[in-house]
Amino acid sequence: MSRTVFALLALLVATAGARMAYQLPDGADSILKARTFTQNFDCADRRYGYYADTDNDCQIFHVCLPIEDDAGQIVETAHFSFICGNQTIFDQSTLTCNDEENALPCDEAKNFYDVINAEFGVLPEQ
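Residues -18 to -1, 1 to 108, numbered by mature numbering (1 follows the signal peptide of the UniProt record, and there is no 0), are exactly what the sequence shown covers, in order.
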């Protein structure tokens, strides 16, 4: 019974999460430099973490959340999208929205995906 309930909950979360990709607030296009955005980023095969969307000049970022079944196998990866505030971009090195002149250059963000996101869940040595 509990396995069935867990599987059903995981399926519901995964389904809802997959539908959250690029669901940005009304008026988001007025903040974007390009006024329109591409929907190319995909969370498939990505670990849990935050990812700058370089196709959208890092003004959009994504959270990818792998969902596991009882056996620890990834059955789905939830995908959530967010937009940074006006005149800011997502800084992949700090995982924050930052002024463009103070942020990691957007074209370097992909180089930091694995390095930065690998830190989630790591406990510091004492």
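Treat the hints with care, as some may be off.
To be verified - Ranges between beta-carbon positions, derived for each pair: (1) Q55 <-> G103: 14 to 22 Å; (2) T76 <-> Q21: 19 to 27 Å; (3) T18 <-> E107: 45 to 53 Å.
Hints are computed from structural coordinates only; laboratory data are not their basis.
On a predicted model such as this, the values are computed, not experimentally measured, just so you know.
All C-beta atoms, glycine included, are put in the ideal place defined by N, C-alpha and C.
| Are T76 and Q21 spaced within 19 to 27 Å by their CB atoms? | The hint (19 to 27 Å, Cβ to Cβ) holds, given that T76 and Q21 are roughly 25 Å apart.
| request: Using the Cβ atoms, figure out if T18 sits within 45 to 53 Å of E107. | output: With a Cβ separation near 47 Å, T18 and E107 satisfy 45 to 53 Å, so the hint holds.
| query | Regarding Q55 and G103, is the given constraint of 14 to 22 Å on their beta-carbon distance met? | reply | holds, 18 Å
Violated hints are absent here; each numbered hint is respected by the structure.
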